[in-house]
Amino acid sequence: MAPSFDWWSNDSNKGTPVVVKMENPNWSMLEIEPTSEDDMLPGEQNHHHHRRRTGDKKGRGKNAKQLTWVLLLKAHKAAGCLTSLASATFNFVGAIQRRVASGRTDSDSSNEIGGGGIIENQTVRKRFYFFIKVFLWLSVVLLGFEIAAYFKGWHLGSPQLQLEYLMLNGSYGVKGLFDSIYSGWVFVRVQYLAPPLQFLANFCIVLFLIQSLDRLILCLGCFWIKIKRIKPVPKQTTRIKDVESGDISSEGYFPMVLIQIPMCNEKEVYQQSISAVCHIDWPKEKMLIQVLDDSDDTATQLLIKEEVYKWQQQGANIVYRHRVLRDGYKAGNLKSAMNCSYVKNYEFVTIFDADFQPTPDFLKLTVPHFQDNDEIGLVQARWSFVNKDENLLTRLQNINLAFHFEVEQQVNGHFLNFFGFNGTAGVWRIKALEDVGGWMERTTVEDMDIAVRAHLHGWKFIFLNDVECQCEIPESYEAYRKQQHRWHSGPMQLFRLCFPDIIKAKISLWKKSNLIFLFFLLRKLILPFYSFTLFCIILPMTMFIPEAELPSWVVCYIPATMSFLNILPAPKSFPFIVPYLLFENTMSVTKFNAMISGLFQLASAHEWVVTKKSGRSSEGDLLALLEKEAPKQNQQRGNSVPNLDALGKEETRKQEQKEAKKKKHNRIYTKELALAFLLLTAAARSLLSAQGIHFYFLLFQGIAFLLVGLDLIGEQVE
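Number 69 in the numbering used here belongs to position 62 of the sequence shown; there are no gaps in the numbering.
Hints are supplied without guarantee of correctness; some may be wrong.
With a straight-line cut-off of 30 Å between C-alpha atoms, the simulated DSS-like cross-links for lysine-lysine are [claimed, not checked]:
| id | residue 1 | residue 2 |
| --- | --- | --- |
| 1 | 238 | 274 |
| 2 | 140 | 81 |
| 3 | 293 | 371 |
| 4 | 678 | 238 |
| 5 | 351 | 242 |
| 6 | 233 | 371 |
| 7 | 242 | 291 |
| 8 | 233 | 518 |
| 9 | 235 | 342 |
| 10 | 579 | 235 |
| 11 | 293 | 242 |
| 12 | 238 | 81 |
| 13 | 235 | 467 |
| 14 | 291 | 438 |
| 15 | 274 | 235 |
| 16 | 238 | 467 |
| 17 | 293 | 312 |
| 18 | 395 | 371 |
| 19 | 233 | 84 |
| 20 | 518 | 342 |
Hints were generated in silico from the structure; no laboratory data involved.
Full structure from sequences and hints, please.
The structure is reproduced here in structure tokens:
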């Protein structure tokens, strides 16, 4: 039906009035049904027919006028969008300028002595950065070369390139100098560069498919556990019910438990962890708390000592330990504490890092799993995060860690009775620690080290997915980057050291294969290798050497599917599936660098930096706990006055934290920035080849590298 604009004329219908209300200015055309002739009076019908015969030219004029107004409305809206986009662009550029002016590069930060006093090898860092810079400038030169060839009529699809090369080869010297040079470049690409690049691409694709298959099998195992509602259950269920009922005089299972809280210059969280551990519901005569303070800051030592003394006055069985010789980092701290003479009186040891706050029933939910089961060496609880929604970085970390605990740890714990100890929120049988030689300082992943040695000695592990312990995750990219470097360099160190022991161990061939090929090679070495090589090196190179190709399903479909599987344990994070995919590829640079340093024993592989804490952990829970404990303390102390000195010190501590935040500097990460421009250059080259999916992937991945390189993700400086 043709649109009618007769309502615009001065003459109006005498019939039923029509009211038009434009609620949406996006309408491109308005169509209004005229009043039907059946609803008109006879005189109105004649007038209506006369108007239709004589007013066509007027109607056309009105139609054009309304179309003009609609176009003007659309132009106004488009101008508003462009203005908003321009404003956002200017704000983004301004943020970049401020970040560049006030920030320090990662090379500057590497010159600083970390928490362990190790300075990263500058020669290795410079070589790696030099390689990326050379690759970047070469890609820029090739991009200009390809653009010039494009405007000279060269078609860039690989079959056409080969055909054109054959044509040029048959008529050598006919074309100009540029065409001769470009034909030589095509010859080099086809004969020498494309075959090895395609072989490397196919090799990485095979690794990618193997790792994807492993991830899929883990997810299927997790689904099986969920469907069957499988979870570890202690053998003595009747005694557990007695314990949960709170009847301490009943025949409950209360062995001697040693609790260790290692910390180092973590004044933001020490009060929270000590308070939470002191409120654990366990007979006081059956529990001893060791605060293992490795702080080198005198003020922090005094604060922690005062906190321990406060809880001693309240009746807690807690002691303070400080080492004079601080060797071996966390492993050395734990090893020194286990050498105390009174440790022989305890059967189990529980470890909590300084930012962990266990629930009061933690021991009642974990320790009973050891009863009447002498093969169990470790019971591990999962982590939960109080600051998972703080910023984009914490949300992305939550996706990774939720998959790690929900899928990897739970499946390996159920089907293999083995997984990597997470270093905290776990209960060890002291006999198992002594059997494997205790804590060792040979790597930066002492938790994985002792778990592997315990597995080789035949000890079994239990993972409790329904027992959670609250903690923090890093809120700044700098802290997260250092943490990931330690987590990915340490396993490679450990693999070099443990490989002979794995071969000689008296365990089944299946367990040896699982340790070597799945636990170490596939999940610790191959994953960062192919992620960096395939998506940050090979994919950009295939844009400049189109004879070597990466299929679209490798670039888009399988990574999207794997990201979907990773995000299933944290369904509320589904809107972040695309940022998660891009960020994981961005982190492959740090993980690959860490893997290489650990595999070849570089200096940075031995660097230990304590992960920076913000002190956000369970502030609301602490207030509720203080309110709950206030009546008990009043009964014990009578009408006591508030501790004004403690309150004053707390305010001073908070003020110091605020001042420390103001003094923080943002970093500029040179490797990430170089890779950002490399990927954006490759994206521009892919436009010439009309490769849609590859272009969008390279574009968004390049933007992700740019944001990370400028430290625009995570905690921001006010």
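- Message: Please verify whether residue 293 and residue 312 have alpha carbons no more than 30 Å apart.
- Response: holds, 23 Å
- Given the hint that residue 233 pairs with residue 84, test it: the Cα-Cα distance must not exceed 30 Å. Roughly 51 Å separates the two Cα atoms, so the pair is violated.
- Query: Within 30 Å, alpha carbon to alpha carbon, are residue 238 and residue 467?
  - Reply: holds, 15 Å
- Item | Given hint residue 235 paired with residue 579 - CA-CA distance at most 30 Å | OK: residue 579 and residue 235 at ~24 Å, within 30 Å.
- Item | Pairwise hint evaluation, residue 342 against residue 235, where the allowed Cα distance is 30 Å at most | violated, 41 Å
- Given hint residue 235 paired with residue 274 - CA-CA distance at most 30 Å: violated, 44 Å
- Message: For a C-alpha distance cap of 30 Å, please report whether residue 518 and residue 342 respect it.
- Response: Within the cut-off at roughly 28 Å; holds.
- CA of residue 238 to CA of residue 274, is that 30 Å or under? violated, 37 Å
- CA of residue 291 to CA of residue 438, is that 30 Å or under? OK: residue 291 and residue 438 at ~22 Å, within 30 Å.
- Query: Has the given pair, residue 293 with residue 371, been kept, meaning a C-alpha gap of at most 30 Å?
  - Reply: holds, 13 Å
- Item | Hint consistency between residue 233 and residue 518 [alpha-carbon to alpha-carbon, up to 30 Å] | Roughly 25 Å between the alpha carbons, so the hint for residue 233 and residue 518 holds.
- Query: Holds or violated: are the alpha carbons of residue 140 and residue 81 at most 30 Å from each other?
  - Reply: violated, 45 Å
Violated hints for the displayed structure, listed by number in ascending order: 1, 2, 4, 9, 12, 15, 19.
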